[in-house]
Amino acid sequence: MTSTWLSPRAGPAAGSAAPKWRALAPSRFGAIGLAELAPLLVLVGLCVALGLLNPSFFSFRNLVWGVANSAAIPLILAMGATFIILMGSIDLSIEGALSVGTMIVALLCANDSNANNFGWWGPLLALIACTALGLANGLVHVVLRIPSFMATLGVWFVGLGIGTVALGGSEIRVLDRTIRSIAFERVLAFPLAVWIAAAMFFFALFLERKTRFGRYIYAIGGGEDIAALSGVPVKRTRILAFALAGFFNGVAAVLAAAQLGQANTTIANGRLFMTVTAVVVGGTSLSGGWGGIANSLIGVLIVAVLANGMVLLGISPYVHETVQGLMIIAAVALSVRRGRSLIVK
Amino acid sequence: MLELDKISKSFGAVRALRDVSLEVRPHEVVGLIGENGAGKSTLMRILSGSMRPDAGAILIDGRQVVLRDPKRANEYGIAMVFQEQSLLLNMSVAENIFLAQEKPFMRLGAIDRRRMIEAARACLAKVGLDVDPAMKAGELDFAARQMVELAKALALEDRTDAPLTILFDEPTSILEAKDVAMLFERMRALKSRASFIFVSHRLEEVLEISDRVYVMKDGEVVAERLAAGVSAPDLHAMMVGREVKGEYYREARQSPPRADVVLEARGLSVAGAFRDVSFALRRGEVLGVAGVIGSGREELTRTLFGFLPQTSGTLLIDGRETVLKTPTQAVAAGIGYIPRERRIEGLVTDISIAANVTLARLDLAMRHGFIDHKREKSIAEYWINRLRIKTPSAAQLCRNLSGGNQQKVVLARWMAARSHILILDHPTRGLDVGAKEEVYDLIRDLSAAGAAIVLTSDTLEETIGLCHTILVMRDGAVTARFDAPARAKPKQVALLEHMV
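Chains as they are written, first to last, in numbering that gives the first Met the number 0: chain G, 0 to 344; chain H, 0 to 499.
A hint or two may mislead.
Below 27 Å or equal to it, Euclidean Cα-Cα: the simulated BS3-like pairs (lysine-lysine) are [claimed, not checked]:
#1 H:K177 x H:K135
#2 G:K234 x G:K209
#3 H:K125 x H:K135
#4 H:K102 x G:K209
#5 H:K389 x H:K216
#6 G:K234 x H:K135
#7 H:K102 x H:K125
#8 H:K70 x G:K209
#9 G:K234 x H:K70
#10 G:K234 x H:K102
#11 H:K70 x H:K5
#12 G:K209 x H:K5
#13 H:K177 x H:K70
#14 H:K177 x H:K389
Just so you know, these hints were derived from the structure itself, not from any lab.
Next comes chain G alone, as it looks inside the complex (with noise of 0.2 Å):
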């Protein structure tokens, strides 16, 4: 059985030995094939399924604003939170960057609770203070050595505070209209929302496929051990991975101000849950390695295309929390791999 890996030459083996391996190797690998392409089915086999109940779903207007629209906030968090999971981490602290990076927008910019009219310094200051956030995720999870999981929830209640403080419990509203552009300018009919989305989409694509940084992330999920061993600068690169998704959460903070034109201490409800379903719904493994960007959008849109449905369905905004719910834990079940524990690194 062995005669033939260990020929003379060396060349594609695609073709002939390929087949061969799979049958060597333990089946849990063998399934791969059809778990990776599973997402895609249920988002296909979704929208099918909606079409043929409303056929309103496959209308330009609902595919754009129902759809691509609600789906770009989740989309860019997803972005983030993917590098994160694929290191075997968890960061919770979305909701609290969400809240400061909101009230930082909503109080620099012309509003109706003060004078300030700094323009676009508030989405700027705002995306510092989300990209630091994150930062202090990483420093406090790698240098002190807390679990992610301890070390983000520490964060996203200090980033609570932190606007439920600043807004006094009250809401602000928004008055900047450039800055409120941003979620309804429209560029080639789609709101500049989806650009903005799309483009941090091609961005997290790149660094995931094409850098050092990607490929070390996958490396500490697969073994961070063995990835240490082999010289991965394991520390820098988790750092480096929560400072991004707390740049994520920046741009998603902004999008959020805009699109919602103000800024109040619930705004950022829910989309903790929401990022890490779609997440996970799309096929990264919570014990890292396994997934990805692209397994992200998938799963974002599964989760947009579901909220559109019910929506369009006329079905109870609670029975979405609970299929929601449900979903996350069919998708968890699924994708369990390899016996490991999922206890969250």
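Once you have looked at the hints, place chain H on chain G.
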């Protein structure tokens, strides 16, 4: 070219290495042997840069160097192929080979994947492995993964001018005989490019592949020999500091089995794995199952513990017909299973010895429906004494025990559960000579006490030495049955004839 001069290393009060000096010459395979705890692993860790010595010097081509971390060791031409394989199974072969070495492939801040795959192909060609570098490492079998690791080590050639030394830590422990032969063939071919340090428990293999052999004992090098002028028993004697007794497998202690049959198979079959297997296992009997990979013997062992339900035939336990669908049923029927992958299947290494011992039958340690820790402790201590488990206390975590003692804890669990049928699935795999002998003694003790044992083993010699009866399997069927009484053991050739 690579020289260690009086290297010492202590962990707390324990001196792991004491003035160890050794030398690796160009184009040479150096064997390094010693029992568990002799200091081999510590030495390897120091050489691979993951640990620093307390004293002593490392010289390369006469110049003293400091191997601060694995990366630095790589720069000095030292690469390690790890015992617990160090490939990332979620990444491609090419990505694994160049992990943390992506710099030469960067173009405009992006990794040029095509060039990396081409370079990986060239590396794989050096070790003669014909697989697609874009394939995920997890899709390869163990032997191929090891070749990828070797390719990864050889990839150093392009990055350093230093002579290459490749450290091999127990590379053969999980390979089949055929793959070992292939590995050795490769190593010989690669001697023109690199030197090797080869660490193994298997003395015959060390002698076969090495030019020179260093023997370590208790943290010191006790002997250095040319492989050509020394035999395995000689090495063994140096390693353990005592002669191998004529009857390594404790044949003299082989007691005849009792009359009563406890486990009987009649035409037992699992579709696609084995068919029509019949045997009657008596109390006190050790039944060996011999056969090559694919003969069905591994599946048979798993069926007997309920991992792989039978598809036809009958299984009688204590005379009662039983169908084992899950390991839980097997445990309830009095069967214990000692798996080959202790850490994976046999032992929860992060909990105490006591908790492991009572794992299968926690009810024995319960009172009024709650765990009685005093009772649990006394059960564990009883077995620690009985099986001579070396540990400061029953509360010790199993991860801190040596391989042999971990194996004893697994045994203790089944003994505590009053299992009277034991399935030993390669029980000595990965153990050093001393620990193996303890396991042999234990098997004799168990058999004398009336336990019925089904054994599969890595070597025919061990099977023949330990068993009363041997079933030989080929292509899923039993091809021969041998009696192996203490004074009239069958010859290996006789068994082999029915295996292939």
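Hint by hint, here is what the structure shows:
1. The hinted pair formed by K177 (chain H) and K135 (chain H) meets the criterion: a straight-line CA distance of about 24 Å does not exceed 27 Å.
2. About 20 Å separates the Cα atoms of K234 (chain G) and K209 (chain G), which keeps this hinted pair within 27 Å; it holds.
3. A threshold of 27 Å between alpha carbons decides the hint, and for K125 (chain H) with K135 (chain H) the separation of about 20 Å falls inside it, so the pair holds.
4. Simply put, K102 (chain H) and K209 (chain G) have alpha-carbon atoms about 12 Å apart, close enough for the 27 Å limit, and the pair holds.
5. Restraint check for K389 (chain H) and K216 (chain H): satisfied, since their Cα atoms lie roughly 19 Å apart, inside the 27 Å limit.
6. At most 27 Å may separate the alpha-carbon atoms for a hinted pair to count; K234 (chain G) and K135 (chain H) meet this at roughly 25 Å.
7. The suggested pairing of K102 (chain H) with K125 (chain H) holds, with an alpha-carbon distance near 22 Å, which does not exceed 27 Å.
8. A distance of roughly 23 Å separates the Cα atoms of K70 (chain H) and K209 (chain G); the hinted pair therefore holds under the 27 Å criterion.
9. Between K234 (chain G) and K70 (chain H), the direct Cα distance comes to roughly 16 Å. Compliance with the 27 Å bound is thereby established for this hinted pair.
10. Of the supplied pair hints, the one linking K234 (chain G) and K102 (chain H) holds, its CA atoms being roughly 19 Å apart against a limit of 27 Å.
11. Distance check on the hinted pair: K70 (chain H) and K5 (chain H) sit about 23 Å apart at the alpha-carbon level, within 27 Å; holds.
12. Of the pairs offered as hints, the one joining K209 (chain G) and K5 (chain H) is violated, with about 46 Å between alpha carbons and a cut-off of 27 Å exceeded.
13. Of the pairs offered as hints, the one joining K177 (chain H) and K70 (chain H) is violated, with about 33 Å between alpha carbons and a cut-off of 27 Å exceeded.
14. Of the pairs offered as hints, the one joining K177 (chain H) and K389 (chain H) is violated, with about 36 Å between alpha carbons and a cut-off of 27 Å exceeded.
The earlier numbered hints that this structure contradicts are 12, 13 and 14.
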